[in-house]
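Please work from the sequences and hints to get the whole structure.
Top to bottom, those sequences are chains E and Y. Just so we're aligned: the first sequence equals residues 1 to 358 in the working numbering. Just so we're aligned: the second sequence equals residues 1 to 248 in the working numbering.
Just so you know, the hints here were simulated from the structure itself, not pulled from any lab data. Please read all numbers here as calculations on a predicted model, not as lab measurements.
Pairs of lysine to aspartate or glutamate, EDC-like flavour, derived with a Cα cap of 20 Å:
1) 192(Y) to 36(Y)
2) 180(Y) to 33(Y)
3) 168(Y) to 55(E)
4) 3(E) to 184(E)
5) 208(E) to 36(Y)
6) 208(E) to 9(Y)
7) 7(Y) to 207(E)
8) 189(Y) to 240(Y)
The residues making up each chain are set out below.
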Amino acid sequence: MGKKILMKGNEAIGEAAIRAGCLNYFAYPITPQSEVAEYLSKRMPEVGGVFLQGESEVAVGYMLFGASAAGARVFTTSSSPGVSLMSEAISYIAGAQCPCVFVNIIRGGPGLGGILPSQGDYFQSVKGGGHGDYRMLVMAPASVQEAVEMMMMAFPLAEKYRNPVMILGDGLIGQMMEPVEFPDDLRTEPTDKDAWATNGMETRGSDKRNLVKSLYLDPEMLNNHNLHLKAKYDQMRREEVRYEPFNLDGDYRMLVISYGTMSRVCKTAVENLKAEGLEVGMIRPQTLFPFPEEEIREAAGKESCKSVISIEMSMGQMVEDVERCVRGRRPVTWYGKCGGEVPTPEEIMQVIKERIDG
Amino acid sequence: MGKTFKKPEALTDAHTHYCPGCTHGVIHRLVAEVIDELGIRGRTVGIAPVGCAVLAYNYFNCDFQEAAHGRAPAMATGIKRVRPDLMVFTYQGDGDLASIGMGEIIHAANRGEKFTTIFVNNAVYGMTGGQMAPTTMPGQRTTTSPMGRNVADVGMPVQMAELLSTLKTPGYITRQSVIKPRYITRAKKAIKRAFEYQMAGKCFSMVEVVSTCPTNWGMTPVEAVKWAEDTLLSYYQLGEFKTPEQEG
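This is the structure:
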């Protein structure tokens with residue numbers, strides 16, 4: 001571990017990528033994450049890396065595709081409307097099986113929405129914002145420190161699966177200043193990409209050319225390609241689920257599911273309720289895809305648990321996955337706000353008290 | 001006795017899917033000959049467009065990426081920025097480059113990205129079945145301009161070489177053709193020059209190639225050559241529009 005320093009989330013995310021061994025960054029400015037580009041426009045030249053401000057998020061998505069297909073570690077950061085524009089490229093990148101890292105510091109939507117924090121891009125990130133059958137591995141940090149660690153984990157994961165990985169933060173994660181450390185042990189070397197990357201035949205000392213493409217005109221080949229992609233997503237479901245359990249040991253009467261910034265408020269609410277003598281359990285998904293399905297199903301099934309609530313800064317997106325996991329065994333409700341205001345602990349405590357027995 | 005004429009190494013043995021009278025085959029060969037002559041096949045990456053040349057990666061014998069419609073210049077930018085030592089070319093048609101990919105090509109050219117674009121202009125969308133392109137001539141009938149292109153409604157055809165040559169960033173911008181042997185010789189020289197500028201790390205380069213599409217023009221290959229020469233070449237004039245030696 002290095003020493004602890006105080007950093008703004010957006011800058012810490014940029015620094016974490018460099019510490020992780022990624023020296024290639026392409027981006028287009030958009031609030032509330034433009035500080036990443038500002039920070040890296042200074043830092044990348046210092047470390048001999050690549051910084052380029054593209055002409056649009058559409059182009060930036062393909063700059064990542066080209067660079068990644070040529071064998072480089074590469075990432076970008078954006079916010080909701082920008083990620084919509086990148087979603088075309090994300091679909092191609094997933095189809096062509098290239099490792100890239102995308103950071104979405106979510107702002108309120110739809111449309112231009114607002115510039116304040118939101119979790120309204122859950123569906124876009126987890127269910128596929130672009131066309132076709134693809135998934136991204138999606139990680140949702142709840143602190144600047146966790147954003148740093150997830151950034152550093154994102155590159156080897158993207159390479160392990162040859163698939164885009166998304167770090168899904170919200171405006172607060174990007175704008176907040178917190179003490180951070182950059183763990184040295186999360187620095188990784190890029191994997192050998194000679195088997196597939198278009199890095200030049202001379203580079204890999206081969207006579208065989210490599211093709212990076214997503215086109216399969218033959219129906220059987222396309223089906224097989226999709227089966228291969230599905231096998232990777234199934235492997236993620238088996239191997240990459242990450243979550244934080246909170247207060248699950250006792251006889252809790254309600255189970256809260258919440259992620260990112262929202263989960264920190266929920267944690268405070270759960271602690272306050274515990275002090276009042278009311279037991280509430282909580283699961284914080286750290287990966288949104290793959291989703292901690294078994295863990296939520298099991299925790300919701302505990303005899304003492306009468307109801308489940310999904311608390312999110314959206315109009316009810318993750319709640320659909322929670323319902324899917326609970327399978328009707330307990331009543332599942334949603335609570336949230338998505339104008340940019342984060343619900344307070346008092347508000348959450350009130351809602352929990354009202355709904356605690358289903 | 002040795003062979004005096006053979007297929008370039010930079011082409012595969014695959015039979016192309018192009019229509020009779022199409023010029024893609026000729027242009028592929030010119031690019032491949034240049035790659036061979038410069039000895040760069042082992043460090044060349046091509047980028048295929050969406051359009052008739054979407055399967056170009058089956059015909060070129062070097063590393064290849066396949067882009068989304070119009071995005072090849074952004075992908076080429078990504079490659080060149082992380083691997084400036086690789087030789088990168090995009091191969092794009094007029095729907096791809098001059099319509100949906102207009103933003104990407106202009107900004108790549110304006111940044112002076114050091115890759116080469118081969119821009120095949122045949123005044124029509126080919127693969128999707130002959131729809132109107134930004135380069136379709138006034139009055140030209142297509143499947144989406146059945147009465148002929150009405151310039152009062154959709155404007156005049158875009159002249160990409162002229163447009164890109166207005167940028168102040170140094171570049172090599174030229175328009176050539178391959179519809180007759182004398183044009184082919186000049187086109188090859190231009191393609192070679194474009195690749196040489198890239199090799200020297202000098203500038204962005206684009207060779208626009210005025211071509212035919214007998215199938216979608218509803219003509220025989222011979223008629224298509226005549227129509228291209230009479231109609232296209234008077235509007236899309238051949239020549240060098242910009243060289244990096246020129247003052248911006």
